[in-house]
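Student: Assemble the complex: chain A is given as a structure, and chain B must be docked to it using the hints.
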Amino acid sequence: MSRIADRFAALKREGRGALVTYLQAYDPDPATSLAILRGLPGAGVDVIEIGMPFTDPMADGPSIQKSALRALKAGATLSRVLALVRDLRREDATTPVVLMGYLNPILSYGVDRFCTDAAASGVDGLIVVDVPPEEADEIEPQARAAGLDMIRLIAPTTDDARLPRVLAATTGFVYYVSITGITGTRSASTADLAAAIPRIRRHTALPVCIGFGIRSPAQAAEAARIADGAVVGTALVDTLAASLDEAGRARPDTVRVVLDGVRSLAEAVRTGR
Amino acid sequence: MNLPLPNSFRQGPDARGRFGEFGGRFVAETLMPLILEVEQAYAAARREPAFDAEWRRLLTHYVGRPSPLWHAERLTEHLRKGAASDKGAKIYFKRDELNHTGAHKINAVLGQILLARRMGKTRIIAETGAGQHGVATATACALFDLPCTVFMGATDVERQQPNVFRMKLLGAEVRPVTSGSATLKDAMNEALRYWVANVQDTYYCIGTVAGPHPYPMMVRDFQSVIGAETREQIMAAEGRLPDALFAAIGGGSNAMGLFHPFLDEPAVRMVGVEAAGRGLHTEEHAASLERGRPGVLHGNRMYLLQDDDGQVQEAHSISAGLDYPGVGPEHSWLHELGRVEYVGATDDEALAAFQLCSRLEGIIPALEPAHALAAVTRLAPGMPRESLLVMNLCGRGDKDIFTVAKHLGVAM
Chain A
1 MSRIADRFAA
11 LKREGRGALV
21 TYLQAYDPDP
31 ATSLAILRGL
41 PGAGVDVIEI
51 GMPFTDPMAD
61 GPSIQKSALR
71 ALKAGATLSR
81 VLALVRDLRR
91 EDATTPVVLM
101 GYLNPILSYG
111 VDRFCTDAAA
121 SGVDGLIVVD
131 VPPEEADEIE
141 PQARAAGLDM
151 IRLIAPTTDD
161 ARLPRVLAAT
171 TGFVYYVSIT
181 GITGTRSAST
191 ADLAAAIPRI
201 RRHTALPVCI
211 GFGIRSPAQA
221 AEAARIADGA
231 VVGTALVDTL
241 AASLDEAGRA
251 RPDTVRVVLD
261 GVRSLAEAVR
271 TGR
Chain B
274 MNLPLPNSFR
284 QGPDARGRFG
294 EFGGRFVAET
304 LMPLILEVEQ
314 AYAAARREPA
324 FDAEWRRLLT
334 HYVGRPSPLW
344 HAERLTEHLR
354 KGAASDKGAK
364 IYFKRDELNH
374 TGAHKINAVL
384 GQILLARRMG
394 KTRIIAETGA
404 GQHGVATATA
414 CALFDLPCTV
424 FMGATDVERQ
434 QPNVFRMKLL
444 GAEVRPVTSG
454 SATLKDAMNE
464 ALRYWVANVQ
474 DTYYCIGTVA
484 GPHPYPMMVR
494 DFQSVIGAET
504 REQIMAAEGR
514 LPDALFAAIG
524 GGSNAMGLFH
534 PFLDEPAVRM
544 VGVEAAGRGL
554 HTEEHAASLE
564 RGRPGVLHGN
574 RMYLLQDDDG
584 QVQEAHSISA
594 GLDYPGVGPE
604 HSWLHELGRV
614 EYVGATDDEA
624 LAAFQLCSRL
634 EGIIPALEPA
644 HALAAVTRLA
654 PGMPRESLLV
664 MNLCGRGDKD
674 IFTVAKHLGV
684 AM
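Top to bottom, those sequences are chains A and B. If you're matching positions, the first sequence starts at 1 in the numbering used here and goes up one per residue. If you're matching positions, the second sequence starts at 274 in the numbering used here and goes up one per residue.
Same shape as in the complex, but just chain A:
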């Protein structure tokens, strides 16, 4: 079994949902980024999602757009993101790592080589936002051959006729985008989520995680209870951004502040509050 399947199976036995966190690689600099990533498992993160910086992140709100620009300024490239994952893997062999980003940098790197290198670096799954099932042959065969899961987004606009098609192209877990909108802008209501998740479960046995618009520990706890996991991204990116100095550089307490934020999310997910 893959690390992703292992982890969700273990959490199921434990009787709780997963905390999935998103942070952009190299934000605000490689050393700080690595220190935060290394601290995530200890702070209670179950699945680590790492953003691959791109100049034009179509599905992301202002926070993650700015974070991508900080990361690019700090020298981020796909090969450096993979090196970061290898550094993380030296200390952690079990926490699943999922890379999230956009297709163009992967095309530029070479899809075959990227999938092979990512798997060899310890990556478990990919979320490529701008590759819907209609374009899956751009990357899915290569990802599958390398043993990477292709985690797909399901949106509120994905209707029942379309769901099976999207799910058929999904492995690892399902990422439910809880709002029609971009990252970090608004949140779904409990009622919406309570209706949406069973609709997805009727079509798949894969774990379902909820993302986009989950900011507070309480929201994370609720999402992890309704589904199999909660993804928190923008809130942590905002915490990181707020800890930087005027020039956008990390301060001595940046790593601690971000990990403190993670710990309170993890505690909420574990206690269900």
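Bear in mind the hints are in silico, worked out from the structure with no lab data behind them. Backbone N, C-alpha and C fix where the C-beta goes; we use that ideal spot for every residue, glycine too. One or more of the hints may lead you astray.
Stated by the list, open to error - Okay, the calculated bits of chain A under chain B, using three or more residues with CB under 8 Å as the criterion: (1) 70-78; (2) 101-113; (3) 125-131; (4) 146-160; (5) 170-182.
Tutor: Using the frame of chain A, we list chain B on its own:
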């Protein structure tokens, strides 16, 4: 490439929205169902004669089509002066600058707004660079009483003030976009982001032959009215097809509209003119085909200005309408097949052509077609004297006089 040449250049795109490897639908899942809905609605509308009739009624009585085909006699004579005695093409202008709102953009906007109404959408959004597409969209929205939001890079808002004011007069909301390089590329990102958040009631009226399928095809179909008219008009004037077509390329909508009806006429040479900015040897240009490589942005695969890591680079052009790092997928495909030649014209060459056209023909062109004209002044003197050349004068220069004055050192 070892692919066999297709027996028609006019059959694209395929069912996946591809022109060869270009095009496609690279959008987030949230948008995908809506993209499919637009595709279905457009396919249904095309089958309906009443839809076409309504669009053509608007083109005739509101836009003022057909636009004239003008024999630019003084320009022709001027360029023959420097040419060999048997050289110097006869030059015609397809005068789409005479359209209501001052450019070709209105052709596709009206088609799309009629489609949006059929789809029951009640809000319209658009991106704009120079402001021509924004003005056209704001105009159609005023006519059809639809709320309109136009996304425009903050840099472009600064350099295209007259069009910003026009859009506001027409009742549109103009949202300056400050992310990224704050130009057309970022306006399109922001429009797509807004659309994702407002899918239920909003139609995104894209201004060029780019974006996810079906936009490149749909905008091309509407803009092909330019080429179809040109074909009839040149036959009436000269009794034969033209030898060469010239048009400026940003995203490529006016060029695609002129070229498409002629693509299967092997004797018709086609030249697309990209913005070479401060020169193709510099990094400040917008020549996606000549200096870019295939990549994916804004929902489609196309030639793209990007660095070695696949990060999108900023384009540069004196013309805000050409200041875009990509180019439509059909142009990308025609470029690789070699059916259309793509050349560059610099900021300075465009400025010179802008002034030349004003003085010789009494027509102040927009900076976008001034690029096409710059290539005409370079290439027409080498063409046989009996050859016929048609250039798409796709926009008028009213919006650009401040920019040009600044570059000429004139205080206004």
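Student: Each hint needs a verdict: does it hold in this structure or not?
Tutor: Structure-based check of each hint:
Here the stretch 70-78 of chain A counts 3 residues with a CB under 8 Å from a CB of chain B, which clears the bar of 3, and the coverage holds. Requiring three or more residues with a Cβ within less than 8 Å of a Cβ of chain B, the coverage given for the stretch 101-113 of chain A holds, as 8 such residues are present. With a cut-off of 8 Å between beta carbons, the stretch 125-131 of chain A has 3 residues touching chain B; three or more are needed, and the interface restraint holds. Restraint check on the stretch 146-160 of chain A versus chain B: 8 residues with Cβ-Cβ distances below 8 Å, three needed, restraint holds.
Counting residues of the stretch 170-182 of chain A whose C-beta lies closer than 8 Å to any C-beta of chain B gives 5; at least three are required, and the coverage claim holds.
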